[in-house]
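J.: Each chain, letter by letter, is given below.
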Amino acid sequence: MEAVVASILLLTVAAAVSLKSERGAIWLSVAALALLLVVPRIELLMYSMLIVAIALINTASLTVKRNQITGVDYSLVALIAVATMYIAYTNNPAFILAAFVLASVPTYILVMVGDRANVNVAIKYITFMVLATVLFLIGAFLLFYTEYYPSEILYTLGFVMLILGLGMEVGCAPMHEWVPDVFTAADPLPVSVIASITKIVPFVAAYKILILTSSPLTAHLTLFVAFIAVVSMFTGNIGALTARETSRILAYSTVANMGYIMTTLVVLSSQNYLYLAFAGALLQLIVNAVGKASFFTSIKVDGTSTPLMYLIAMSFIGLPPFMGFYSKLFILMSLVGAGFVWLAFLLIVNSAISIPYYVRIARSLARPTIPGRATAIAFVASIIMLITVIPPNWFVDVATYLIGGV
Amino acid sequence: MMEYEIPLLFIAPVICSLPIAFAWVRSPGAKWAEKLAYLSVFGLFISLVIALHILFTYQEGRYTIQWLPEYNINFVFIFDYLSKYMGALTGIIAFLIGVYGLEYMKGDYRLGWYWFFFNMFTASMLLVVYSDNLLMLLIGWEGLGLASWGLIGHWFRDDDEISYVGTVGRKVGPLNMFWPPSMGGWRAISTIRTGDMPMFFAVAAIYALTGTLDISQIHWGGLFHMIGYGGTVLLCVLFLMGPFTKSAQLPFSEWLMTAMTGPTTVSALLHSATMVAAGTYVFMRMSWYIQPWNLHSMPGVEVVYIFVLFVGLISALYGASVATGCRERKVLLAASTMSSLGLMFGCAAASYWFGKFAILVAFWYLITHAFAKATLFLVAGHLIHATHDRFSCGDLALAKRMKVAFAATIVATVFLVGIPPFTAYWVKSGMDEVIHHIAHEVGMAPLTLLILTSLLYSAALAKFMSQNFIKGPGYHLHLHGEKLMPLAYATMVSMLVVLLYEILTGTEHVAGHFVEMGYVSSSFIVGLGVTAAYVIGTYKPSISALSKLGTFLSDRMEMPFLNDYIVPGVGWVIAWLVGLGNSAIDWFCHRGIPSAFNRFSRSIRSIQVGYLRVYLKIALGFVMLVIVVSAMGWW
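Here the protein sequences line up with chains A and B, keeping their order. For the first sequence, our numbering begins at 43 and goes up steadily by one. For the second sequence, our numbering begins at 2 and goes up steadily by one.
Simulated from the structure, these hints should not be mistaken for lab results. It should be emphasised that the depicted structure is a prediction, and the values quoted were computed from it without experimental measurement.
From the structure, some residues in chain A lie toward chain B, with a derived Cβ separation under 8 Å:
| hint | residue |
| --- | --- |
| 1 | T169 |
| 2 | L199 |
| 3 | M217 |
| 4 | T277 |
For glycine and all other residues, C-beta sits at the position ideal for the given N, C-alpha and C.
Produce the complete structure using the sequences and hints provided.
T.: Next comes the structure, spelled out in structure tokens:
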């Protein structure tokens, strides 16, 4: 916990230093990230290593090409990583919400930088994000309020608003309209951050809040979550099928992936499979973060190494032994265990629908292997996708520990 | 002893035929490879010895070799009256035909193929004969089908007109009235498979319903009681499709006529002890243990037996009529075989009213017929060899040159058609008695059919004898000094005398009963009629005034239309329908689904117009809707 405070202080310094020296800012950001590795438990170490790896990938993406705020942007990524790490420690409602805002706000700035700096896109993005944050926060407040003054109607409203806010924040259908526009119109490098590490905190926050305020009503409201999830999966996957631009395909792929992760929230009412569901969600978020970061960086440099692109695409499709297989396996196992066989079936159907466009992405980005930053990022991403060659049973322990807080 | 003997009975012929089969693959036509045929016949000899050993020394009973004991499916061999005699009969006939084949097939271009399938044919038949387990019986049954395909289409090159059936070039309507060996093989296997399919289902149903497949152990009465009237009729008819197609009963008779495209040895074996006999044999074996005469209270059983009775007798009359019109040696014999098989079915079916004795009569007729018909086929083969003509031809001069063949033909025909006091007369007297006895239950039609069949049958065989040795058309004779061939059929025909001895002396306890029935005056009158028909047939083998009728008969009453025109037509219609279904599925998979997804995908992406106000309308509209619904829904 103290390490997190220290790394925030370091980042403040880094932001100041960046005005003078970019190099110094990078080192300070990396040092702040390294501080995150100081954790009290081995389970948290695995988590923090993955988060730091993703943050490093994102930082590396931003170094591919200079932008208007080069130097500060590294600190912003590191700040998101700190929030992502911090939310793992806490079970305090206020801190959870603070982490939620902390992970969201830096992206408002990131979306505006880069070669294609575009105010129009930024306004779309920020408008949706603000709406989402408001809905999420109001929903969370209502839920916490009912903890002290039980009210079924308020709980229902709070739950619904929280899920709506979450959906809007990460890009679930039918509130996904900003995703294709932002992902195609904004510069691929900041998008590689927006599509990547920022998706983790909202889901973890939603999980924590819903578990803290759990009520018997949750079981009745899961159908609403399932509805959003299914609409999101189908919209994303089918929308991606005929999209031509690679970044647009990836935008719809994000919508679909958020749908997959959203399905795990229906397991909330079933205590026995909750941890498995959370493990699946978190692993899918990591797959999404690592893969999207690599893909968007590749778009910026007009393609990277052929085998790496196909490997990441296969992980997204969900072929064993890649990480994408185990994340979907965990999700499916938890769904089937909790009695949502139909949802598991729809998820499998959607995975099948997604195959052609992932292959299309890989084909359109496949180039001869040339050493470079984008290739290195894709290589690290591939290594992360491959760590599940040994079946990641340990990840369920990590998830169990995370969700319980410290 | 038993545990070695029984597997050897089936395996020896196949093992002994493998050397020539492989040798022929390596060096077809080599002299040394041709010699291996003797080994093949030796394999048949081993089977013969074991079959005779079983006949004379084995106690009646069952012998089991474990196979799938947890499913109650094993190799179960049964030794009872039927199987002991049938096995010995198969062994003797197969061995004698094997000996004959050594000479007949000399110089053939596919001896490896021939001997392998010939021996497999015999082994399969022995398996059918001795098996008590229906699954094991099916293995033999399928072996018969496969081997018959291989042997009927043996001369697959279709390059020698002597192996065809029908007058080459003749057309009736849209149909070619001639069939090459490849076509013959195809017609055989396709017809047989048509019957085997329902039979499989019936066997599966029997297993599912009773949990066992051992014919002698199934409680048939209980089974029929369980499945009721409709179930019994359905099950039995499905099962009988197998025997009916194998034994070429109407309307499945066509394949048997064109099976004559195979080598004559094959025809001889196919028509006497194997294949076609397998159908009637299985019916007899089933009836033996079903004991329909004890099941008069069961609904459905009577209908089934009436059905078999009439199918058999009508097929018998059809076969005999067609035989009288045939000019081709082997086709005439084939048609008469079909007639005999019909009589066996009919007589065995009468067991429902008459009891077990009816089956014994049918079985004895099978034995008599087997030896006589095998002899006639072997003679026909020798004649085809000698005259290079598959149509009947020959006169007394030829008879003088081929004395053994002539004598064998006279003995075989006279002993087979039922002229008193020769072998078949006594057996047929039994048959007359059985069918006459059931007139109370099923009327006079069966007896009428039987007598008509007997008369025509006699005339047809007399025609065969007369047209080949006395009054046939001109010919060219090319004798090659054959030794083994006359020896084989002379031995074969002498078996009829052995049977006659058994009957007259009463040493065989069943055969003794036939003599009593032969002394009944009505039987004797039928015998006289048969004799008269034989004499007429011999004296006037062809009547030119009736040539139109003869053509109609030798065209098998236009039955080929069913086989070659109507059934394929139905098949094409089905193929067309399936094609329609295929294209519908293709359209659905290749056009329907992709275009639906395309449209869906476009409509999903159509909301991305780029205006924030549109997006906000959609997103906030949804948020409002959900909040209102969740608030409303609660109140």
